[in-house]
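Enquirer: Sequence:
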Amino acid sequence: MDPFSTEIEGWQKKYSFLEKGLKLFEGFNAIVKDESKGRYGPCDFIPIHENVHENRPKYKYFCMKLIRNIWSIDELEEEDVAADVTGDGIVSEDALKNALKTEKNVRCVYLNKWIPYYIKKEGHIPDYFIKDVFQRTHNMIKSNLNGYQCQYDSYNEKFIEPYNMAKLHIFSLIFGDFIEIIRIKQEKEHDDFLKYILECAAIYKKINSKHCPTNYDRTQLKLANTCKELQNFKSTYEYELSNVVELREKLPKLDDELTEAEKRILLEQEEYDAAQNGFSSTLQRNITTGTVTAAGTGALLLALNKFTSAGKLFRSGKRRTPEVENFLQEGPSEESFLNDPDYMHMNSDTTSYNVGYGSTENY
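For the sequence shown, counting from 1, position 168 maps to 168 in our numbering; every step adds exactly one.
Treat the hints with care, as some may be off.
Stated by the list, open to error - Okay, the calculated beta carbon distance ranges per label pair: (1) Tyr128 - Leu194: 54 to 62 Å; (2) Lys13 - Glu78: 29 to 37 Å; (3) Asp177 - Lys222: 49 to 57 Å; (4) Asn156 - Leu254: 24 to 32 Å.
To be verified - Think about it this way: if two alpha-carbon atoms lie no more than 25 Å apart in a straight line, the pair counts; the simulated DMTMM-like pairs of lysine to aspartate or glutamate are: (5) Lys14 - Glu270; (6) Lys13 - Asp192; (7) Lys14 - Glu271; (8) Lys250 - Glu262; (9) Lys131 - Glu75; (10) Lys195 - Glu246; (11) Lys234 - Glu262; (12) Lys158 - Glu270; (13) Lys14 - Glu157; (14) Lys158 - Asp132; (15) Lys37 - Glu75; (16) Lys206 - Glu238; (17) Lys14 - Asp177; (18) Lys210 - Glu199; (19) Lys263 - Asp191; (20) Lys263 - Glu161; (21) Lys13 - Glu262; (22) Lys206 - Glu268; (23) Lys23 - Glu79; (24) Lys23 - Asp192; (25) Lys206 - Glu262; (26) Lys195 - Asp177; (27) Lys206 - Glu270; (28) Lys13 - Glu268; (29) Lys131 - Glu157.
Derived by calculation from the structure, the hints in this document are not laboratory data.
In this text, a Cβ means the ideal position worked out from N, Cα and C, and glycines have one as well.
The whole structure should be built from the sequences, with the hints applied where relevant.
Expert: Have a look at this one:
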């Protein structure tokens, strides 16, 4: 088993209630096997402003994954969501269309959450490069008038500590699903969920105490966005989560200082990240020299429970492509990774990027 799969297995044991979400992230992070499609051509031509010779293979590797993932959302069809539409046995066309639109919006949101986690573990990718990948992919998708263009929502531009803010943001987004877990699952699920809540509370305390005093500078956009999102998390935590009988007496107070136990939680996460980053650094050196045969992201996003498995996400349909067919399979060879026989020259247009906070409407 490759290191990436091993890590997924570890998280599934630690947070078993997140199994479906972990499979979704496994899909986003899966290796691109079929590079022969012209849609990956832009990855050879997007300008890199610094260290071009050192970073080109690393950037290309990320670029291909991102293009594949953006396309996979556009290529979802009604049959992929039909099983999720409930009713009296007769599913209306409008219901299917609405379900498909919702599913695409949801997956776009979580693709944007995958990006800061990928960057955290695999090394910095600047926003200008990510925006260029999105724009060039949109240029291809919009040849279909009904194509779905997942918009980039930049956590790097909007937040301090984007990696941790993505985790807190997701907690707030799918809070209702977590509450359902608490109410219907067994005691072990309660304990696993409580551990996750304690991690989020520790993250909140650390960032809030460091960056968001009462008189923080609200003219600094990144700081203002961060403190606003922390306030959203606090509201959910204090006014909704605290009303859950099973948790009420176990939740730490967010206004208290970090306890020794919470400091240990943060330290353990930092040590784990450092160990994973050591592997990622070795991996990136191998990619640069063309010796990589398998790869993984490092730590996975831990707050995805609502959505379907990666197998369903990239299930076959009328528009299934070879790269989707191979989506969850392992490893390109050295030769196929470093040599793409087909190229497609795409020119960016002036279409603006939607990096609005929390947007889920994408067309």
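Enquirer: Evaluate each hint against the coordinates.
Expert: Consistency of the hints with the structure:
Between Tyr128 and Leu194 the beta carbon distance is about 41 Å. The supplied range of 54 to 62 Å is therefore violated. Taking the beta carbon of each, Lys13 and Glu78 are about 35 Å apart, inside 29 to 37 Å as hinted. Restraint check, Asp177 to Lys222: a C-beta distance of roughly 29 Å breaks the suggested window 49 to 57 Å. Checked against the hint of 24 to 32 Å, the C-beta distance between Asn156 and Leu254 comes to roughly 26 Å, which is consistent with it.
Between Lys14 and Glu270, the direct Cα distance comes to roughly 17 Å. Compliance with the 25 Å bound is thereby established for this hinted pair. Among the hinted pairs, Lys13 with Asp192 is consistent with the structure: their alpha-carbon atoms are about 10 Å apart, no more than 25 Å. With a C-alpha separation of about 17 Å, the suggested pair Lys14 and Glu271 falls inside the 25 Å cut-off, and the hint holds. Distance hint between Lys250 and Glu262 is fulfilled; the C-alpha atoms sit about 14 Å from each other, no more than 25 Å.
For the proposed pair Lys131 and Glu75, the alpha carbon gap of about 21 Å is at most 25 Å, so the pair holds. The straight-line distance between the Cα atoms of Lys195 and Glu246 is roughly 14 Å, inside the 25 Å bound, and the hint therefore holds. A C-alpha spacing of about 17 Å is found between Lys234 and Glu262, which places the hinted pair at or below 25 Å, so the restraint holds. Straight-line distance between C-alpha atoms of Lys158 and Glu270 comes to about 22 Å, which keeps the hinted pair within the 25 Å bound.
This hinted pair does not check out: Lys14 and Glu157 have alpha carbons roughly 31 Å apart, beyond 25 Å. With a CA separation close to 18 Å, the supplied pair Lys158 and Asp132 stays within the 25 Å bound. For the suggested pair Lys37 and Glu75, the alpha carbons sit about 15 Å apart, so the restraint of at most 25 Å is met. Between Lys206 and Glu238 the CA atoms are separated by roughly 17 Å; this keeps the pair inside 25 Å, and the hint holds.
As the CA atoms of Lys14 and Asp177 are separated by approximately 18 Å, the hinted pair is consistent with the 25 Å bound. At roughly 17 Å between alpha-carbon atoms, Lys210 and Glu199 fall within 25 Å of each other, so this suggested pair holds. Taking the CA atoms of Lys263 and Asp191, the gap is near 19 Å; set against the 25 Å cutoff, the hint holds. In summary, the hint linking Lys263 to Glu161 is supported, as the alpha carbons are separated by about 17 Å, within the 25 Å threshold.
For a cut-off of 25 Å, the pair hint linking Lys13 to Glu262 stands: about 22 Å separates their Cα positions. A threshold of 25 Å between alpha carbons decides the hint, and for Lys206 with Glu268 the separation of about 14 Å falls inside it, so the pair holds. Distance hint between Lys23 and Glu79 is fulfilled; the C-alpha atoms sit about 20 Å from each other, no more than 25 Å. Proximity of Lys23 to Asp192 is assessed by CA-CA distance (about 18 Å); at most 25 Å being required, the pair is judged to hold.
Restraint check: the Cα-Cα separation between Lys206 and Glu262 comes to about 9 Å, which is no more than 25 Å; the hinted pair holds. Distance restraint check for Lys195 and Asp177: the Cα-Cα separation of roughly 16 Å lies within the 25 Å cut-off, and the hinted pair is therefore satisfied. Restraint check for Lys206 and Glu270: satisfied, since their Cα atoms lie roughly 13 Å apart, inside the 25 Å limit. Note on Lys13 and Glu268: the hinted pairing holds, with a Cα-Cα distance of about 17 Å set against a maximum of 25 Å.
Straight-line distance between C-alpha atoms of Lys131 and Glu157 comes to about 11 Å, which keeps the hinted pair within the 25 Å bound.
Hint compliance for this structure: hints 1, 3 and 13 are not met, and every other hint is.
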